[in-house]
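Engineer: When we follow my numbering, the leftmost residue of the sequence shown carries the number 11, and every step to the right adds one.
Any given hint could be a false lead.
[Said to hold, decoys possible] When the alpha-carbon atoms are kept at most 25 Å apart in a straight line, the in silico DMTMM-like pairs for lysine to aspartate or glutamate are as follows: (1) K118 <-> D228; (2) K246 <-> E232; (3) K127 <-> E266; (4) K118 <-> E140; (5) K141 <-> E106; (6) K259 <-> D191; (7) K256 <-> D277; (8) K168 <-> E179.
[Claimed, not checked] Label-pair ranges, simulated between beta-carbon atoms: (9) Q209 <-> E266: 26 to 36 Å; (10) T148 <-> A174: 31 to 41 Å; (11) I251 <-> L164: 42 to 52 Å.
Hints were generated in silico from the structure; no laboratory data involved.
We put the beta carbon where it would ideally sit given N, CA and C, even for glycine.
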Amino acid sequence: MDYSKNTFYFAFSAVLMLVFSMYIVRGSSGRRLLPNDDKVKRKKRYHPVVGTMLNQLLNFNRIWDYMTDHASKHRTYRLLSPFRSEVYTADPVNVEYILKSNFQNYGKGWYNYNNLKDLLGDGIFAVDGEKWRHQRKTSSYEFSTRVLRDFSSLVFQKNAAKLAQVVSESANSNLPIDFHDLFLKSTLDATFQVAFGIQLDSMCGSSGEGTLFAHAFDDSSEMIAWRYVDVSWTIKRFLNIGSEAKLKKNVKVIDEFVYKLIHTKIDQMSNSPNDSSVSF
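I would like the entire structure built from these sequences, with the hints used as guidance.
Structural biologist: In structure tokens, the structure reads:
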């Protein structure tokens with residue numbers, strides 16, 4: 011993502027975030043204490059505030075390291091933003107409670123759906139309620155069959171071996187490795203082969219269309235993450251400029267690839283019902 015083209019928007023967002031953050035801090039620290047406030051304060055325990063969305067904005071180029079640094083000091087912490095307080099946790103007990111024990115109480119909500127829908131649409135990772143339950147039920151049937159479990163295990167084993175080979179070759183050649191990018195491509199390759207029967211091979215780049223799709227999906231994911239720290243992203247989407255214009259182009263590449271995959275799969279299943287692989 012080319013951040014040099016977004017200097018104005020970066021500065022604009024940073025100033026807005028600073029003003030709102032100062033307002034929040036002043037509002038919370040300048041409030042008069044009522045007689046019973048001390049008792050309430052003793053009863054309620056809040057996780058520590060380690061910064062604001064402005065800090066995320068300033069550290070976006072190293073966002074995962076920034077968040078990991080905080081998680082190593084506080085397993086659960088808060089970040090303030092203009093209209094909401096966000097809680098982040100790396101505590102296994104909290105993660106299990108949110109994703110399993112009390113999952114129904116922790117929906118994605120409109121805020122996340124609005125940020126994600128241009129890339130993920132009404133997919134299982136962006137929706138709540140009946141839409142989520144329907145997709146979860148459908149996918150659970152598909153992935154519960156023993157044949158698919160055995161096939162997916164074999165696919166992941168082969169991709170792990172391919173990943174190890176890429177790392178070994180880079181190490182022998184004394185070349186730097188972008189593990190984040192490599193793990194993303196490895197996961198993408200395995201997922202596509204299990205779910206759609208297609209050899210994407212974005213790790214080695216043998217498929218031109220697959221590589222183009224992988225780059226478009228990676229860039230789109232980064233730009234969707236940028237929305238969480240850029241208060242002006244809706245304006246840029248409306249004007250079709252900056253990161254939002256680039257996101258729109260990448261989503262078009264993704265859509266074209268996926269629709270071509272769907273049509274190819276339908277035609278192939280009509281002609282060869284027993285053949286589950288798809289070639290590009």
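Engineer: Now tell me, hint by hint, if it's right for this structure.
Structural biologist: Okay, the hints, checked on the actual structure:
no.: 1; hint: K118 <-> D228; verdict: holds (22 Å)
no.: 2; hint: K246 <-> E232; verdict: holds (16 Å)
no.: 3; hint: K127 <-> E266; verdict: holds (17 Å)
no.: 4; hint: K118 <-> E140; verdict: holds (13 Å)
no.: 5; hint: K141 <-> E106; verdict: holds (23 Å)
no.: 6; hint: K259 <-> D191; verdict: holds (21 Å)
no.: 7; hint: K256 <-> D277; verdict: violated (32 Å)
no.: 8; hint: K168 <-> E179; verdict: holds (17 Å)
no.: 9; hint: Q209 <-> E266: 26 to 36 Å; verdict: violated (19 Å)
no.: 10; hint: T148 <-> A174: 31 to 41 Å; verdict: holds (34 Å)
no.: 11; hint: I251 <-> L164: 42 to 52 Å; verdict: holds (46 Å)
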